[in-house]
Amino acid sequence: MKKWKPLSLAAFVAAVLALTGCGSTASSPGSSTNGAGSQPKLAAAQTVNLLEPSDVEGFDPNIADEEITITAISQIFDGLTRIGSDGVTPEKAIASSWDISSDGKTYTFHLRDAKWSDGPAVRAQDFVFGWKRELSIDKYGFIMNMIQGADAVVNLDPKASAAEKQAKLDAVGIKAIDDKTLQVQLTAPTTYFLGLTAFVPFYPAREDFVTKQGDKYGTSAATLISDGPMQLSDWKQGSSWAFVKNANYWDASKVQLTKANYTIVKDQSQAVNLYDTKKSDMVYMLNADNTAHYRGTPDYHELSIDANYYAEFNPNSSNAVAAKAFKNANIRKAFGESIDRATFVKTILNDGSKPATGLVPPTVPGDPKAAGDFRTQNGTLVKDNDPTTAKADLQKGLQEAGLTINDLNSIHFLTNDTSTAGKLAQLITQMWKQALGVTISIDTVPQKIRVDSQHKGNFDICFAGWGADYADAMTFSDLFTTGNSQNDTKYSNPQFDALIKQAKAEPDNSKRAQELEQAEKLMLADGYISPVYFKGVAVIQKPTLQGVSFLPLGPDYDLKNAFIAQ
Amino acid sequence: MARFIVRRLLYAIVTLWVIITLTFVLMHSIPGQPFNNVDKMTPTILAHLNYTYGLDKPTYQQYLIYLNNILHGNLGTSFRYEDRTVNSIIGTGFPVSATLGFEALIFSVIIGLALGVYAALKHNTWADYTAITIAVLGVSVPNIVLGPLLSYYVGVKLGWLPTGEWGGFEYTILPSITLGMTSLAFMARLMRTSMLEVLGMDYIKTAKAKGLSNREIVWRHLFRNSLLPIVTILGPLVVNIITGSIVVEETFAIPGLGSSFVESITDKDYTVIMGTTIFYSALYILSLLLVDICYGFVDPRIRLAGGRD
Numbered sequence: 001m002k003k004w005k006p007l008s009l010a011a012f013v014a015a016v017l018a019l020t021g022c023g024s025t026a027s028s029p030g031s032s033t034n035g036a037g038s039q040p041k042l043a044a045a046q047t048v049n050l051l052e053p054s055d056v057e058g059f060d061p062n063i064a065d066e067e068i069t070i071t072a073i074s075q076i077f078d079g080l081t082r083i084g085s086d087g088v089t090p091e092k093a094i095a096s097s098w099d100i101s102s103d104g105k106t107y108t109f110h111l112r113d114a115k116w117s118d119g120p121a122v123r124a125q126d127f128v129f130g131w132k133r134e135l136s137i138d139k140y141g142f143i144m145n146m147i148q149g150a151d152a153v154v155n156l157d158p159k160a161s162a163a164e165k166q167a168k169l170d171a172v173g174i175k176a177i178d179d180k181t182l183q184v185q186l187t188a189p190t191t192y193f194l195g196l197t198a199f200v201p202f203y204p205a206r207e208d209f210v211t212k213q214g215d216k217y218g219t220s221a222a223t224l225i226s227d228g229p230m231q232l233s234d235w236k237q238g239s240s241w242a243f244v245k246n247a248n249y250w251d252a253s254k255v256q257l258t259k260a261n262y263t264i265v266k267d268q269s270q271a272v273n274l275y276d277t278k279k280s281d282m283v284y285m286l287n288a289d290n291t292a293h294y295r296g297t298p299d300y301h302e303l304s305i306d307a308n309y310y311a312e313f314n315p316n317s318s319n320a321v322a323a324k325a326f327k328n329a330n331i332r333k334a335f336g337e338s339i340d341r342a343t344f345v346k347t348i349l350n351d352g353s354k355p356a357t358g359l360v361p362p363t364v365p366g367d368p369k370a371a372g373d374f375r376t377q378n379g380t381l382v383k384d385n386d387p388t389t390a391k392a393d394l395q396k397g398l399q400e401a402g403l404t405i406n407d408l409n410s411i412h413f414l415t416n417d418t419s420t421a422g423k424l425a426q427l428i429t430q431m432w433k434q435a436l437g438v439t440i441s442i443d444t445v446p447q448k449i450r451v452d453s454q455h456k457g458n459f460d461i462c463f464a465g466w467g468a469d470y471a472d473a474m475t476f477s478d479l480f481t482t483g484n485s486q487n488d489t490k491y492s493n494p495q496f497d498a499l500i501k502q503a504k505a506e507p508d509n510s511k512r513a514q515e516l517e518q519a520e521k522l523m524l525a526d527g528y529i530s531p532v533y534f535k536g537v538a539v540i541q542k543p544t545l546q547g548v549s550f551l552p553l554g555p556d557y558d559l560k561n562a563f564i565a566q
Numbered sequence: 567m568a569r570f571i572v573r574r575l576l577y578a579i580v581t582l583w584v585i586i587t588l589t590f591v592l593m594h595s596i597p598g599q600p601f602n603n604v605d606k607m608t609p610t611i612l613a614h615l616n617y618t619y620g621l622d623k624p625t626y627q628q629y630l631i632y633l634n635n636i637l638h639g640n641l642g643t644s645f646r647y648e649d650r651t652v653n654s655i656i657g658t659g660f661p662v663s664a665t666l667g668f669e670a671l672i673f674s675v676i677i678g679l680a681l682g683v684y685a686a687l688k689h690n691t692w693a694d695y696t697a698i699t700i701a702v703l704g705v706s707v708p709n710i711v712l713g714p715l716l717s718y719y720v721g722v723k724l725g726w727l728p729t730g731e732w733g734g735f736e737y738t739i740l741p742s743i744t745l746g747m748t749s750l751a752f753m754a755r756l757m758r759t760s761m762l763e764v765l766g767m768d769y770i771k772t773a774k775a776k777g778l779s780n781r782e783i784v785w786r787h788l789f790r791n792s793l794l795p796i797v798t799i800l801g802p803l804v805v806n807i808i809t810g811s812i813v814v815e816e817t818f819a820i821p822g823l824g825s826s827f828v829e830s831i832t833d834k835d836y837t838v839i840m841g842t843t844i845f846y847s848a849l850y851i852l853s854l855l856l857v858d859i860c861y862g863f864v865d866p867r868i869r870l871a872g873g874r875d
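Line by line, the protein sequences give chains A and B. Heads up, the first sequence is in my numbering, so the first residue is 1 and it goes up one at a time. Heads up, the second sequence is in my numbering, so the first residue is 567 and it goes up one at a time.
For reference, chain A alone in the conformation it holds in the complex (with noise of 0.2 angstroms):
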């Protein structure tokens, strides 16, 4: 038995923060309000009002899995875990301890005495029940997929009958011992499960009242309950929705804000206007068009988030050219070299995101053993900026494949039709073009159709993004294993596949994420991706709202201990 220890990034982020420069300021994002120093006095009114583009979906953590959806769950529930203010540790919550069996394999959590916002107490029962209406809801179950015979629930044809359902849902590894303790069993020792049971597809539902609400469970503030922070108290759909503070929750006395308005406003310039009129605290991920104006200060910040964006070059294209070119290793090489990465972030993004170094992006945890984060340990993999060396590669490449540079103008790149998207495109094509000397043409469609084409392999050059689901190298590297779904040029390296492999049973953290380190040496000098950006968010924040904590992945940020300065 071994209890979790926690790896710290709080150095990190507080490095990062000192860099954009509010690192030092009481207001800064991120900083937990029980830290040294004076501490600000309260405002009278402890209310905050908040915009976000879109509404949410419902307040049901079991079918919620979109970001805005998630981050509002989140102010009002409590998992078995919480991320702590520094953005990545989770911390105790409904758990108030666990234990970790010394496979890696078994987590045994003993339950605090906890209320949910109507008065019963939070049992492991409720657990059980919510993880396994996840698992048969079907939505985002398959984040799921570490517990032992989840993955027998997600995959099942969904025309099997109801009995073999819910033999299926029997066999799932989570188990109440009694009311307070609850039992999961793994198929392999998952390093970030503890920050997994604190997002939101891992919270509690309580059945009798979720099977009393039936389909309007989480539809409004008369047909929902919750065990966090702050309770739901008036959702007008479509328009905005309110919470208070609720009175029920174990750790209520930390809770400083006694109510927290939100309206859905899709337009940022219009959010940009509501906050210098006073009529929001905070707008989060601001635009490249709105960061020079607030830019310097006191109002504005920039995080990091697990995200990063990449290029991919197709070998499988139905464009014989483009098949055929990026079949050539020096010349997906020489793609990847050409790209200006600083350039490219500075007058497209402007919102603090990075130029990439690697596939993983910051604060994504490493070896423990070692300093630093991931990113750190395993170096700069990426070659970014070097025209030279990729006109030599390029030559070398069109040689090996049989092909002149004029052939290479039949090669079409595939992007978005936002505006954001727009413009990369361009000055992607147009690095490419002075670089190499080759015209690429863009084709823009939207979105959802742009994935659709990715994920069946209908391009040539392409731009994708991968956030991460839990706070881990495995979370970008599993994609690009054989026959994975969204290993959209069909990567396929042996040598590759097996480290993952390796690195998914390994118990051993510090061998593991030495495991994953070298796989992604490897995927990357393979090129047919090239990390470009890790995303930045840039926010802007009434100096007067303070303790908010912003994270890195799954909800965009934490009111626990946020609260109102005079």
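Everything labelled a hint here was simulated from the structure, so no lab data went into it. Since we're looking at a predicted model, the values are computed, not measured. Just to be clear, a hint being listed does not mean it is correct.
[Stated by the list, open to error] Below, computed lysine-lysine pairings styled on PhoX-like, alpha-carbon distance capped at 25 angstroms:
1. B:K723 <-> A:K542
2. A:K165 <-> B:K623
3. A:K448 <-> B:K623
4. A:K369 <-> A:K105
5. A:K456 <-> B:K623
6. A:K266 <-> B:K723
7. B:K623 <-> A:K159
8. A:K216 <-> A:K115
9. A:K542 <-> A:K279
[What the hints assert, rightly or not] Derived coverage of chain B by chain A (criterion: at least 3 residues anywhere in the stretch with Cβ under 8 angstroms from a Cβ of chain A; other residues may be distant):
10. 611-624
11. 640-649
12. 655-666
13. 708-720
14. 725-733
15. 811-821
16. 829-836
[Said to hold, decoys possible] Ranges between beta-carbon positions, derived for each pair:
17. A:L522 <-> B:H638: 54 to 64 angstroms
18. A:N484 <-> B:M593: 22 to 32 angstroms
19. B:H638 <-> A:P158: 21 to 31 angstroms
20. A:T376 <-> B:E736: 48 to 58 angstroms
21. A:A222 <-> B:T610: 28 to 38 angstroms
Cβ coordinates follow ideal geometry from the N, Cα and C atoms, glycine included.
Chain A is already provided as a structure; the job is to place chain B on it using the hints.
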């Protein structure tokens, strides 16, 4: 008259059916899925979802099921907001859009007509030129530009009115101006031209020769006769204002039907796209029909049905 209306209603139903079919075919011929996180799903999970939502059935079957549902007044449930029916989305969104549209219409008709009349009466003076400049500006500045400008300068810089959101009357002023501006300008120009034309008519000269006061000439002869072309454009105008509200609602963060419509298209929310398209089309067809009926009242020379001998 009754026969005319019945015939037109029949046409309207056929038109609607054509629109439904076309939208259905177009929507299903575009690749992509109405679900979130498709880029994170395995093909098995996607297949499950398609099964659950009936999207694995052949397209013609889905079409027949859909038509059958519409006949029963059921526009389906949103894919994205699973607890909302399309009927309820229209039910909550449309009253907001209609309020905004109605205010914009009143604003544009009153100010537009006044400007047009004024410009015609002061023909070729600076007042005329000013009115026409306003009109030209109004037509050429699209509301996607005008909206943010008003919101920023009047809302943020001057702080006179709310920059956006939806609350009491003061929240409706800027969006109504934005939404009504194009129609206002159009109306003013049309009214001016129409007035000038009528001014040259013999019956105006007669009225002047009879010694009627200017005021009487304008009200009794000029204004009513100049109105006919205005009524003609009223139908398209109403529709213009409704579809224009799609942009204005986004700009001013107004929870109307227009913003749901835009969102449904980017989300590929099949049922909401279909439902709002049908609703908008029906509205359009109905307003055209109403305009045709109005003709009869404004100008008795126009007979709607066959004519009586």
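Verification of the supplied hints:
Proposed proximity of B:K723 and A:K542 is supported: the alpha carbons are some 19 angstroms apart, at most 25 angstroms. For the proposed pair A:K165 and B:K623, the alpha carbon gap of about 23 angstroms is at most 25 angstroms, so the pair holds. For the hint pairing A:K448 with B:K623, the CA-to-CA distance comes to about 21 angstroms; that is within 25 angstroms, so the pair holds. Between A:K369 and A:K105 the alpha-carbon distance is near 21 angstroms, which keeps this suggested pair within the 25 angstroms criterion.
As the CA atoms of A:K456 and B:K623 are separated by approximately 21 angstroms, the hinted pair is consistent with the 25 angstroms bound. Restraint check for A:K266 and B:K723: satisfied, since their Cα atoms lie roughly 21 angstroms apart, inside the 25 angstroms limit. As the CA atoms of B:K623 and A:K159 are separated by approximately 14 angstroms, the hinted pair is consistent with the 25 angstroms bound. At most 25 angstroms may separate the alpha-carbon atoms for a hinted pair to count; A:K216 and A:K115 meet this at roughly 22 angstroms.
Pair hint A:K542 plus A:K279 holds up; C-alpha atoms about 11 angstroms apart against a cutoff of 25 angstroms. Coverage of the segment 611-624 of chain B by chain A holds. Counting CB-CB distances below 8 angstroms, 6 residues qualify, and the rule asks for three or more. Here's how the segment 640-649 of chain B fares: 4 of its residues keep a CB closer than 8 angstroms to some CB of chain A, so the rule of at least three is met and the hint holds. Check on the segment 655-666 of chain B: 3 of its residues sit with their Cβ under 8 angstroms from a Cβ of chain A, so the three-residue criterion for coverage holds.
By the rule of at least three residues with a Cβ nearer than 8 angstroms to a Cβ of chain A, the coverage given for the segment 708-720 of chain B holds, with 3 such residues. Given as covered by chain A, the segment 725-733 of chain B passes the check, having 6 residues with a CB less than 8 angstroms from a CB of that chain where 3 are the minimum. Only when three residues or more bring their CB closer than 8 angstroms to a CB of chain A does the claim for the segment 811-821 of chain B stand; here the count is 5, and the claim holds. With 4 residues having a beta carbon nearer than 8 angstroms to a beta carbon of chain A, the segment 829-836 of chain B meets the requirement of three or more and the stated coverage holds.
Take A:L522 and B:H638: their Cβ atoms lie about 59 angstroms apart, and the range 54 to 64 angstroms holds. The given range of 22 to 32 angstroms is respected by A:N484 and B:M593, whose C-beta atoms sit roughly 30 angstroms from each other. Taking the beta carbon of each, B:H638 and A:P158 are about 26 angstroms apart, inside 21 to 31 angstroms as hinted. Roughly 54 angstroms separates the CB atoms of A:T376 and B:E736, a value that falls within the hinted 48 to 58 angstroms.
Look at A:A222 against B:T610: about 37 angstroms separates their beta carbons, and that is inside 28 to 38 angstroms.
In summary, the structure agrees with every hint in the numbered list given earlier.
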